[in-house]
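The primary structure of each chain is shown beneath.
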Amino acid sequence: MARDPKYDCLFEPIKIGPKTMRNRFYQVPHCNGAGVDFIATNAAFRGMKAEGGWGGVCAEAISVDRESDTDPAKLCNIWDDGDIQNLRHMTDAIHAWDSLAGAELMHGGVAAVNLFSRGVTRTPTEGTSAWTVGSYAHEADVDDIAELQQIYVEAAKRSLQAGFDIIYVYGSHAVLPMQFLSPQYNKRQDQYGGSFENRARFWIESIEKVREAISGQAALAVRISVDQIMGPGGVEADGDSVRLAELCTKHGLVDLWDVNISDFNEWGEDAAPSRQQKANHQKPFTRFLREVTTAPLLNVGRVTSPDDMAEIVSGGQADIIGAARPSIADPFLPQKIFEGRNEDIRECIGCNVCVSRWERGAPLVCTQNATSNEEFRRGWHPEKFEKAEDPCSVLVVGAGPAGLECARVLGERGYDVHLREASGEVGGHVKDVQRLPGLAEWGRVVSYRQIQLDKLKNVEVHTGVGEMTADDVLTYGADKVVLATGGSWADDGYSAADNAPIANVDAGEAQFLTPEQVMAGKAVGERVIVLDADGYFMGVSLAEMLADQGKDVTVITQHGSVGPMTEYTLEGPNLHRMMHEKGIKALTDHWVQEVEVGNEVKMKVYNLYRDGSQRSNDPVAGELPRKQGTDYTELEADSVVLVTGRHANSGLFKDLRARKDEWEKNGVQAIYQAGDCYAPRFISEAVFDGHRIAREFESDNPQRPLPHIRERLLWSDGSKEELVKASNTDI
Amino acid sequence: MPRDPKYDVLFEPIKVGPKTARNRFWQTPHCNGAGSERPGTQAAFRGMKAEGGWGTVCIEYTAVHPESDDFPHYSARLWDDGDVINLRHTADAVHEHGSLAGIQLFYAGVHGQVGESRAVTRAPSYPASEALICNGAAECDEDDIRAIIQMHVDASLRSRDAGFDVLELIASDSMIALQFFQPYYNKRQDKYGGSFENRARFWLECMEAMKKAVGDDCAVGNRFSVDTLEGPDGIEVGDEGVKIIELMGEQGLCDVWDLKVGHYSELAGEIAPSRFARTNYMEPWIRIAKQASPVPVVTTGRLTSPDDMVEIINSGQADFIGAARPSIADPFLPKKIEEGRPEDIRECIGCSVCLSKWSKSVPLVCTQNATSMEEYRRGWHPEKFEKTKDPCSVLVVGAGPAGMECARVLGMRGYDVHLREAESEIGGRVLDIQRYPGLSEWGRVVTYRQIQLDKLKNVEVHTGVGKMSADDVLGYGADKVVCATGSHWSKDGVAPFLMGPTPGADASQPHVCTPEQVMAGKELGDRVVVLDYEGYFTGASMAEIAAEQGKQVTLVTCFDFVAPYCVLSMEIFDLRRMLHENKVKEIALHGAESIEPGKVTLSYFFRDSVARTSSPKVGEPARRMGAETTGLDCDSVILVTARAQNNELFKELKALKSAWADNDIAAVYQVGDCHAPRLIADCVFDGHRLAREFESEDPQYPLPWIRERQVWGHETYPKLAG
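Line by line, the protein sequences give chains A and B. Quick note on our numbering: the first sequence kicks off at 1 and runs consecutively. Quick note on our numbering: the second sequence kicks off at 1 and runs consecutively.
Keep in mind that the hints were calculated from the coordinates and are not lab data. Some hints here could point you the wrong way.
Unchecked claim - Derived pair list, reagent style PhoX-like, types lysine-lysine, alpha-carbon separation capped at 20 Å: (1) A:Lys-585 <-> B:Lys-187; (2) B:Lys-491 <-> A:Lys-187; (3) B:Lys-187 <-> A:Lys-654; (4) B:Lys-651 <-> A:Lys-187; (5) A:Lys-283 <-> B:Lys-617; (6) B:Lys-583 <-> A:Lys-627.
Claimed, not checked - Computed footprint of chain B on chain A; a stretch qualifies when at least three of its residues, placed anywhere within it, have a C-beta under 8 Å from a C-beta of chain B: (7) 84-96; (8) 708-714.
Positions of the beta carbon are idealized from the N, C-alpha and C atoms, including for glycine.
The whole structure should be built from the sequences, with the hints applied where relevant.
Here is the structure:
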């Protein structure tokens, strides 16, 4: 289908300072965990976006100096010749598709933790970051300020050498320039503090110096959080941020405005999860800057709809569509619009599992896009699939995330696939998850795959076929079988908290409910306890759902906070607010000691730290080697929801495994397991599992991954000399 | 002084399987964050210990397969030939000094994070880790068990090829062998579950296969938690702990037992902080286990005293003195005993800041030993110092951790140093900290340096000289000056989240105290509120001190729970047990809005609305602000809110910069907390680094170091198929 002309505005070139960008799609700087140390991974990752049509592609934030290192959360660095060499490889990969490469130069100020470099960071005012327990920054005097600005200049020069087209003086998320601008951080009384002009001085001077250094060879961009979302104490939209933009515009200092909101302490206001903010959520804040600037402007807000994008550009909200997460979920989003096949866009679901990985110091993964960060190390292309030389028939049992993805990729590869689902609809446990408060967009995991499967002539999807038995599978007539039968919540309180069921707990009784039973409408009493040993979204979501129904809800968890995983996905702060608003009570660091079931459930819960702090020095078998605590708290409830642990639905595989000797005579060559039925994990991992097995379907044993390329230094006698040189040192 | 012959026993060689260890010092496997990806750093770090006299030096836990990937925590790996190339370099560095190179093979089972590989880890039964969030594993069938054993065989062969002499299977920290062995993890009903024999089967088969593969060339042993300290729910030394040692003995499957106690979710059982456990804290358990072992036994327990070590060998507690943290704090501990100078030993203080870095997935640092992990990247040797070519005079102002270390290293380098301390004793803030409950060993930061400074003829230490003014410094006659004037706790309750003082907080009033004031004896009322916005040891220590005085204590923290940094250092379990025992009430995610006599008013951090405005206006918050507060009646408030640098002297000197030349002062630098308040480890490092780089263009800022990384254009391993 030809492209609707209304989208043409998205493909008009635009001048950004001395450069011209080929269209209006711009991948804003975002982390992927590769940095400069895994440079081939990073270059392949960014190059794929350029190939997919993003006219501007940025590296993640690039640290300007050794005194601003954020390890273990990885950024790029541009500290020395080795970094120039590595980053050049990335810009080459972006330029290969005629896209512009952007370098977001960052000094973290108080946000730099320096756990790798052991350097000391500098800031406008002495202070500690909420990110860094027990670590303070050095308050910069005017000599320090001159040095800091020179650090930006040197980094900008290196960026030019590395081939970047757009060079940022980055101040969003309250990194150093914003720490000067924001009265929240800046308490100085000299010419760099106090009045707006003084607080803006550091940033303006830095921009001027960088502009001079790059002297027209690259565009100069500013990324600014127009509102820290911290109220009148911080920078506010229509306040200091607008005045800074006015000043820059008056003096013609900036070629590109990259606009967002938030502070690093709560950057979930920017990279907002879908459960808390919908697409284009930053529009109310970013419009003010538009009114006072003349240079091209872009903003973000997890925009995935081509119509929204056309509206943003033609309606004047922005000149360019900025995206981080939508470009991860679908590197080919622009190309798909260009080719008039919007329905093929793999939309971001806003789960922020990508962010969670960076927060934990691990490489990014994406729920929707299993090939993300695998472009180099496994050689996967999100849109290209190697055709099978021997397209045998494959039965995929179960159409949850793993089964859907496995069938899709096998289909793309030319296999003859039957995907069979017991229930009336495809989607597996996502069908429940998407009905949890705020999680509707997670249903895109299913809808994207449903559309793709519909297009594949060689894939048949059979729903409502009921649970298959081993006999059904063996006699089905498929050459190979992939089981993707999912996981189930334990019905007996079994959890990782104590690796055992809880006595007297049984979801066969009216008082106890598994999450599936809650979603299926089993009656819930007025006073509800949610037992959450899981620590991710399910416990807190069910608590919210039941509180919305007017129930009196208490969450019990052995973790130190409710939903600790949601701190990594940036959902945490607003989930805490939600619980507070809805009156949901929580008892953390507690677990179940005893349950008594009558008309109501009586539960004794204990503090995990109730035992003695001193260890016995006289070990006796059968005794705890410290004073055993006995105190507990007693609670009563009408219903108990068991978000305790998940089990693999591995029964079918076990049955088939026991009859392995019958496989051959039934023409079954192999049986594999993908997703939760193999091991219950995140949705992203189930999708990845299904994808990987399909990609590696001809390997010796697709159940086990093929080795991936590991980017690392290999020791040789010459290693040290080479590294000394690349590190610009003389040890 | 020659060595006392009583220590000779520590230097007797001993056979371990087919190998002979040259002495009784055994650096047990411990992490440093270098893994097999930073081969130069790793080799220099381990090689330094071999040079310092450790007869056996082990690398950290080494993953046998991508399924056992612990990333983002750093382990070593033996997944492929590239790892063999890299680890060979470490084995070579250890062999260079006649020591044995050891390796510890692990398969993580339920505790595998697979953060890099995205593989699926396998386990005997229930697929989730109690120690990690949402960490799932697959349940093994018998094919899987054979596959996992084969991974151990492959990794054993690679270990041998990389040059390792001693292989330890990790049967501790709740890794795979223990997951099969322990009924807590193993719920199987086949021949690998149920009875003692069945639960031991995987482990025995794995040892047998490893021994068959490499037993002629390498010693094959076990790192074993002989008691998981969980009582009847875990492994107990008096029961199956000893039984398995006997069984392996009968079958001749184990060449050495490297023993410890504890389990994965509470590693502090083994890696105990000095705050809660004294030296040789595993003794009762190890003694029982040793009786059952026909082969040499290694014991650990943060042993730093040569006399204790001798006693351990002579009394038959163990055959080897195992050490992780003491060998980090002093890689030359054995050599110092050998040379008869035990007073030079830089003893571990048991703060476990080393461990906190591993928990945080960054390279290890050590409070006592600033050169740790800097051997390769900065070229530092813990015992060797480049003599200065220009031994000018240096005035160091302030004898806290940074000043002491700076003076020591400048002294070793031949400078003419005056170290001047306002107070009558050296030590700075450590003088207070070592008097906190359980932290007396932290005083070793001071005692070690005092002994070393006493030995240096070119360093004068002047105590009790009072605060120096800028004029004092300018007129002192030194060529260069290092300010190390430390920090103090905010007296007005400066809070990081307020970036300003707390209304009503004023430590000059009787009802408000700083930690310094508490230590100086300022009286506390009956009901005490500790405001802890630091999140490390001070807040909990203040609560403990107040509780010990019989006060009713509430510990308020802005974090999710009290002392989050102690999660990383693994002090958290006993720390929170201690608070519970002392009936300290904990209030998390709160901050003080105001303090007044008799009352603290708290607010909850997340009291504002979820909903955000869609029409932002200057001067109006972006969300509906909550207003509710909690009032706490109290008689005293202790402010553990923020530290402030004592930088007045430096600022004055800087303002007088034009007068430096007239006074023949070439430069003035700042180190430690007066530059930026940080961990003690960072202050010691600061002082050390400045002294090492004293002749650089601007020693205030570090010289570049070697960054170990792939530089684009070089090969990766394996190459991409196709």
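Hints and how they fare:
1. Of the supplied pair hints, the one linking Lys-585 (chain A) and Lys-187 (chain B) is violated, its CA atoms being roughly 34 Å apart against a limit of 20 Å.
2. Between Lys-491 (chain B) and Lys-187 (chain A) the CA atoms are separated by roughly 18 Å; this keeps the pair inside 20 Å, and the hint holds.
3. The straight-line distance between the Cα atoms of Lys-187 (chain B) and Lys-654 (chain A) is roughly 16 Å, inside the 20 Å bound, and the hint therefore holds.
4. Taking the CA atoms of Lys-651 (chain B) and Lys-187 (chain A), the gap is about 17 Å. The hint holds against a cut of 20 Å.
5. Proximity of Lys-283 (chain A) to Lys-617 (chain B) is assessed by CA-CA distance (about 14 Å); at most 20 Å being required, the pair is judged to hold.
6. Between Lys-583 (chain B) and Lys-627 (chain A) the alpha-carbon distance is near 15 Å, which keeps this suggested pair within the 20 Å criterion.
7. Coverage of the segment 84-96 of chain A by chain B holds in this model, with 4 residues showing a Cβ closer than 8 Å to a Cβ of that chain against a need of three.
8. Only residues whose C-beta sits within less than 8 Å of a C-beta in chain B count toward coverage, and the segment 708-714 of chain A has 7 of them, enough to reach three; the restraint holds.
Of the hints listed earlier, the one the structure fails to meet is number 1.
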